[in-house]
Structure formats: structure tokens, C-alpha cells
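Visitor: Keeping their order, the protein sequence lines are chains B and V.
FYI, our numbering numbers position 117 of the first sequence as 117, with every residue one higher than the one before it.
Every position in the second sequence, counted from 1, becomes a number in our numbering once 1000 is added.
Among the clues, some could well be false.
Interface residues of chain V toward chain B, partial, derived using beta-carbon atoms under 8 angstroms [what the hints assert, rightly or not]: (1) G1136; (2) P1194; (3) E1196.
Some chain B residues close to chain V (C-beta under 10 angstroms, calculated; not the full set) [said to hold, decoys possible]: (4) A66; (5) T89; (6) V95; (7) H102; (8) V111.
These are computed hints drawn from the structure, not numbers from a lab.
C-beta: ideal position from N, C-alpha, C; glycine also.
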Amino acid sequence: MARLSFAEALVEGMRHELRTDERVFLMGQDIGKMGGVMGGSRGLIEEFGPRRIRETPISESAMVGAAIGSAMVGKRPIVEISFGEFLPTCMSQIVLQAANLHYMTAGAVDVSMVLRTRIGDGPYRGHPQCYESWFAHVPGLKVLMPSTPTDARNLMIAAIRDPNPVIFFEHMWLYHGVREEVDDVPVAATIGKAAIRRVGRDVTVVATGWMVHKALEAAETLALEGIEVEVVDLVSLAPLDIDTVASSVRRTSRIVVAHEAWKIGGIGAEVTAAIAEACFFDLEAPPVRVGAPHHPLPMAKPLRDAFVPDVDDLLRAIRQAMAS
Amino acid sequence: MSRPNGPGTGEGGNLGSTVRIGLLKAMMLSRTLERACCELNPRWFPAEGEEGVIAGAFFGLRSDDTMAPHYRGPFLAYALRGANLSRLVGQALGKANGYARGRALGFTGPAAMGIVPWVAGDLGTTIGVATGCALGFSYEGSDRVTVCSFGDGTTNRGDFHEALNLASVWKLPIVYVCQHNQYSISLHASEVLPIEHLSIRAGSYGMPGLTVDGNDVFAVHTAVRDAVARARNGDGPTLIEARSYRLGGHWASDPGGYRLPEVQEAWRDKDPIPRAISEMVDAGDLTQHEIDAMWDEVRHAVDEAIAIAKACPDARIEDIGSDEVFAEVPDGTSAHLGARSGSWRA
Chain B
1 MARLSFAEAL VEGMRHELRT DERVFLMGQD IGKMGGVMGG SRGLIEEFGP
51 RRIRETPISE SAMVGAAIGS AMVGKRPIVE ISFGEFLPTC MSQIVLQAAN
101 LHYMTAGAVD VSMVLRTRIG DGPYRGHPQC YESWFAHVPG LKVLMPSTPT
151 DARNLMIAAI RDPNPVIFFE HMWLYHGVRE EVDDVPVAAT IGKAAIRRVG
201 RDVTVVATGW MVHKALEAAE TLALEGIEVE VVDLVSLAPL DIDTVASSVR
251 RTSRIVVAHE AWKIGGIGAE VTAAIAEACF FDLEAPPVRV GAPHHPLPMA
301 KPLRDAFVPD VDDLLRAIRQ AMAS
Chain V
1001 MSRPNGPGTG EGGNLGSTVR IGLLKAMMLS RTLERACCEL NPRWFPAEGE
1051 EGVIAGAFFG LRSDDTMAPH YRGPFLAYAL RGANLSRLVG QALGKANGYA
1101 RGRALGFTGP AAMGIVPWVA GDLGTTIGVA TGCALGFSYE GSDRVTVCSF
1151 GDGTTNRGDF HEALNLASVW KLPIVYVCQH NQYSISLHAS EVLPIEHLSI
1201 RAGSYGMPGL TVDGNDVFAV HTAVRDAVAR ARNGDGPTLI EARSYRLGGH
1251 WASDPGGYRL PEVQEAWRDK DPIPRAISEM VDAGDLTQHE IDAMWDEVRH
1301 AVDEAIAIAK ACPDARIEDI GSDEVFAEVP DGTSAHLGAR SGSWRA
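Sequences and hints are given; from them, build the entire structure.
Guide: Okay, here's the thing in C-alpha cells:
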């Protein structure tokens, strides 16, 4: 067992596949001698060299296109878009090419690639946009957002091995903020499974990324009041594991859905709607959603703190769900 | 028969007679096949007049090279790789026998053909994908190459610039062929390009750029052949601007009205097919009788393909493939598709 940070675990996952599969390579900006943005590829250039750890120009659309094309001729590219904020610059490659190719060619083409990118509020207050729900909306993409070092490593391995395009969101606050004992034997996690991070009988909180940790913190506080919160980490936004969420809701009869992205049109809206369809009559109270307010993301710390949903927001939401 | 000094531009003479005949036949097939698609589908994109670029770019590649044809005149690339013509025509009509089973615009084929398909309506992204194929070839250390064509309008997309820069930085084995037909739907190139020759854009990316007469199939092919040899040799990408003219509309039933008829007529006189024929007859490559026989053969093949495709039912609802969006279903079990007839993976 090694105690790894989220960032170290991500690198471990990539390193494992780079060692075992010659088809795998990584491309992105500053991934070489700088060690990657926030240490996201530290040590890889030293071990694998510039052929497999490829520095790119600032050309996100060409980078994603290059990943798609090289995947089509049998490679297993990982393309790194430094920050999720830059995803709009390569949107057509992702949603028109990567997502469509397998279906549109009636299975003639597989696009086995990983697009990794950083999202969420981070220590530097830079580039924090959370656009993940856009990609869950588009058929043909798998969308992952791990919240633990173990998942970061094992899902990265699974994503690299998956024969489909996988969009891999790495929350920046988790990078150095979360550390855990990670099993020495890397395994490929199963893509498309939510995880129950805390068992509780009274209310289900469904969360993603850093919000999972905030939900666990809120659960500790509420446990002192006798409210037992079940925390479900979505882990995968596409495929969306509604079965796990629904079976939790059938036990607790109450649901709060929380993410850092804007509330309107966020993945929480889909989860809430899917739960209403799946188990409306199991609910004792209306669902409650927690998300960012509907204005652009401000920079200054007091404004940012007010914008990003926090533990207090979760406590309020959970109490609201419990009140009715 | 090879001639030291060919007619016309002089370039054609560098090509052997077999290659010249192959190029002519490719142009004839492209003309006949695409014209048939236009007659059957008013939304098809006429390639008439641009066959010199189309045939010159894609003829003579190795079977393990990748082609990324422009959406205007895409089918020749597939035909050169042995595609069934009735399935291509069926695809253009949304018939059940099309390779894409009714799911795509029509420019796709079996994986084994190694052709970058057209799965979206935007312009420029296929240049990035084709560049990625070249990256794959470079990464594996092989001498495979990619030839990618696109219109003059597409060179104003950021994707064009990003891809050319990336390909040059990494010295990727790719040949970019601009199928310059002077029109972005209704806009003449002079309205949207501030330069006369877009081949000079290659200079920004540190790669050779050259302009050739796109209506001289031998000149186009010679330029592409040399660029392919360069790419195969590890010397990186080339941009070729092959200047031609779109004789038809943007789409088959395009009412036009934005061009001067006399200009169109003047370009019809420069049609690359009669031009090549005249040069070849003069050079003694072929007799008029042999040329008539080539036309008959191509027309017969296309007529037969049309008859088969028209008799085919429309795409079947069971081919909608709601469960075939992913190469593998989310629970990890294999769900590979029946239509898989080969693999891109060498």
C-alpha cells in the first residue's frame, strides 16, 4: 500500500498503461520537463521520453483531432487539455468526430482515446469552469469524474483500455487535497458504476468530484443531530448509474443532488429527472438540487466563496429535504 | 509507354502510360459516379470539373496509406480501394445497402479501406483527424502516409492552421491537397481570401507549399506523388494548392445566380477530362476507340450500380443502432457490430 495524492494516483494509472502498452502515449502542453500542470504528469518524461510524452503547441482542436486519428490507426492516445475551460476550443472534434465515428460508420471505426482535463475550483483560482454536463449530453462519449485517488488511478487505466472516447475530468482541489492508501496492484475499474461512499438511512446525497468530500463532511455534522446521510459518488456521468442512485433513494426516500457546476442544466438536473421517472412514489419529499448560481464565475476570493457551493449549502439543502 | 517530354505542362510526361491511363480512368469514374449521385439526390455535392484534383490526389497510394477525401467527390477514394459501387450509390441515397446503414451523410466505407469518413457537417475537423492518422504512422515508425483533401474555403478554418502547424512541428507524413474550386457556396475566393495563392500559407508552417493547375491531372498527380515520397522518407508534410473550378452548384439543385454564366462556360472549356484525353491521344497513349471503350466500361459499371441501389429498400429502422453507439457496452461486455468488415488497426 502506498499513500498517494489524487495527482500521484493519476500519474500512476498512466504510468502503468505506458509501461504495459506500447500503443499508449500522452500529448499536451507542459507535460514534459515542467512535470505537467499541477504535477499532473510528473516523472513521465524521464521514464518514457519525448516520443511518448509529447509536448504540443497550443492547438487544442488539432490535438484532439490528432488523438482521434491516431486512435483510428490503432494507437491509444491520451490527450491532455490543460484546463476544462479550454474545451470549447476543441468542441467540434469531441462531439462531431470522436462521439460520432463509431456509430456513423456502423462500427467500422473505434476511437479508443482519453481526453483528460482539469476542472473545478482549485488552489490558484484559475480556469475553474465545470462544463462536464455538456459531454454527458452527447451520445458516444464516456464521461468520468473520480473523487478518490484509487478511482483516479484505476479509472484512468480503464479509460485508456476502453475502445471508446472517454472524457476524464480531474477536479483541481482534489489534486493535492486528497490522499489515501492505494492498493499496490493497479486494476482497471469498471466504467459506469456509482459508488456509495457512506451508508445512511435518512437521505441520499448524490455528488460529484470535490462535492463528494463536502457531502461527507456535511454527513458527519448531521450525524451528530441523528440524521444519517447516504453519500453516492456518481463517478461516471456517462454512462449514468441511475440504478445505484435509485436503489439508495428507495431506501432513504429523500434525495439531494449536488455539484459545483451551474445548477441549471447541470448533471444534477438529469439525475433528479431520472429519479423522478424511476421512483417518484418512493419519495417522501421533493428533490433538492445544489449547484452554482447562474452567473459567470467570479475571481475575487469573497465572490468565489459565495459562488462555489460549500458545506453550509449542503447542510441547508439536506435539512430542507428532511423537513418536508 | 513513358515519354521524356510530355505534352501540356510537361509534367504529365514524367508519368508512365499506365499511370496516365489509370488517372484518366479514375477521372471518368469519378465524373460518372458523382454525376449519377447528383441526378438521384438533389442534395449531393457536384464535383464536376474538379476530377483532376480528386484523381490526382488519391490515385496510386499504397493500400496501407490513409486517404481523407474532401466531401466534394469523395467516392473515388472508396472506389480505388475496391468499394462496391452499388453500395456507394445506395449510401448516397440513404438505402439499406449503404456502408453506413443509413446513419451517415454517405462518405464512409469499411474500416479496411483506411479512409477517414465524413461523419459531421462541419469543415476542417477531418484535417485534424487525418493529421492524427499521420501521427499514428509516425509514432509506429512506419513509412505509411496520409493524403488529405479539402476545399479552399476550409483553409479559413482554424483547424486547417492548427493541423498544418502541428504536422510540421512533428514532421508528420501527410500531404495536404487543397481542392481549390474558387467557391465557398456562393462566395468567390477573392471575397474571403486576402491572398491569391493560399499555398503561401505553407510558409507560415515551415513546409513546402506549391500551386498547381488542378485541371491538369498529370500535374496534380506528379506534385502529390513527389510530396508523398517526401512524407514517406520522413521529411514531413507538404501543402499543395490545386486550382480548379466548381462547374456545378454547391449542391446538385443549387439554383446558382451568384456567378456569371460566361465565366462558367469559359471554365467548361478547361474541363480536365477532355484535356487529358486530347493530350493522351496526341501522345499516342490511347486511340479514340480505346477511350470510347473506357467510357462505355465506366458507364456500364455505374448504370449497374444505380440499378442495384435503386432496387434496394430504404435504410431499415432496425439499423438505427441505438445500442451500437459504443464499441463496447457500458457494462464491459463485448458488443461489436456485425458490419465490421476489417480493421483500421494494422
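Visitor: The structure should be examined with respect to each hint, and the outcome stated for every one.
Guide: We went through each hint and held it up to the structure:
no., hint, verdict
1, G1136, "holds, 4 angstroms"
2, P1194, "violated, 22 angstroms"
3, E1196, "violated, 26 angstroms"
4, A66, "holds, 4 angstroms"
5, T89, "holds, 8 angstroms"
6, V95, "holds, 9 angstroms"
7, H102, "holds, 5 angstroms"
8, V111, "holds, 8 angstroms"
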